[in-house]
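Novice: Sequence:
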Amino acid sequence: MLKAYVLMNTELGQEAAVVEALSDLGGIKGVHALYGIYDVIVEVEAESMEKIKEIVFTEIRRLENVRTTITLITYGEPHIRE
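Residues 1 to 82 (my numbering) are what the sequence shown spells out, left to right.
Hint data in this document are derived by calculation from the structure and do not stem from the laboratory.
Keep in mind that the hints are not guaranteed to be accurate.
Restraint ranges, calculated between C-beta atoms of paired labels, are given here [stated by the list, open to error]:
1) R81 - R61: 31 to 39 Å
2) H79 - A17: 31 to 39 Å
3) G76 - K53: 16 to 24 Å
4) E82 - F57: 33 to 41 Å
5) G76 - L12: 33 to 41 Å
6) R81 - A17: 12 to 20 Å
7) G13 - I70: 17 to 25 Å
These numbers come from a predicted model, not from an experiment.
Cβ coordinates follow ideal geometry from the N, Cα and C atoms, glycine included.
Go ahead and model the full structure; you've got the sequences and the hints to work with.
Specialist: Below is the structure:
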């Protein structure tokens, strides 16, 4: 399973609307509004790179009020500190 994080900027004041729209999409494991340089971060999980690309390019980037995105794709096993 591949995991990616998508950082995005929204139109001014539209963070909540984008978070709501993202919550309904398949492949989305988590959505958070942010303070700082980016407005929203999305955790995407899929079985292939093609599926990640499909979710980002045809679902996330086409949402109304999404201005820009940066996609960070993880690799390897997660390192969890206990």
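Novice: Next step is simple, just say for each hint if it's right about the structure.
Specialist: Against the structure, the hints:
A beta carbon spacing of about 33 Å between R81 and R61 agrees with the range 31 to 39 Å that was offered as a hint. Take H79 and A17: their Cβ atoms lie about 35 Å apart, and the range 31 to 39 Å holds. Here the CB-CB span from G76 to K53 is close to 20 Å, well matched to the stated 16 to 24 Å. Range check, E82 to F57: Cβ separation about 37 Å, and the 33 to 41 Å hint holds.
Distance hint check: the CB atoms of G76 and L12 are about 37 Å apart, consistent with the given range 33 to 41 Å. About 35 Å separates the C-beta atoms of R81 and A17, a value inconsistent with the hinted range of 12 to 20 Å. With their beta carbons about 21 Å apart, G13 and I70 fall inside the hinted range of 17 to 25 Å.
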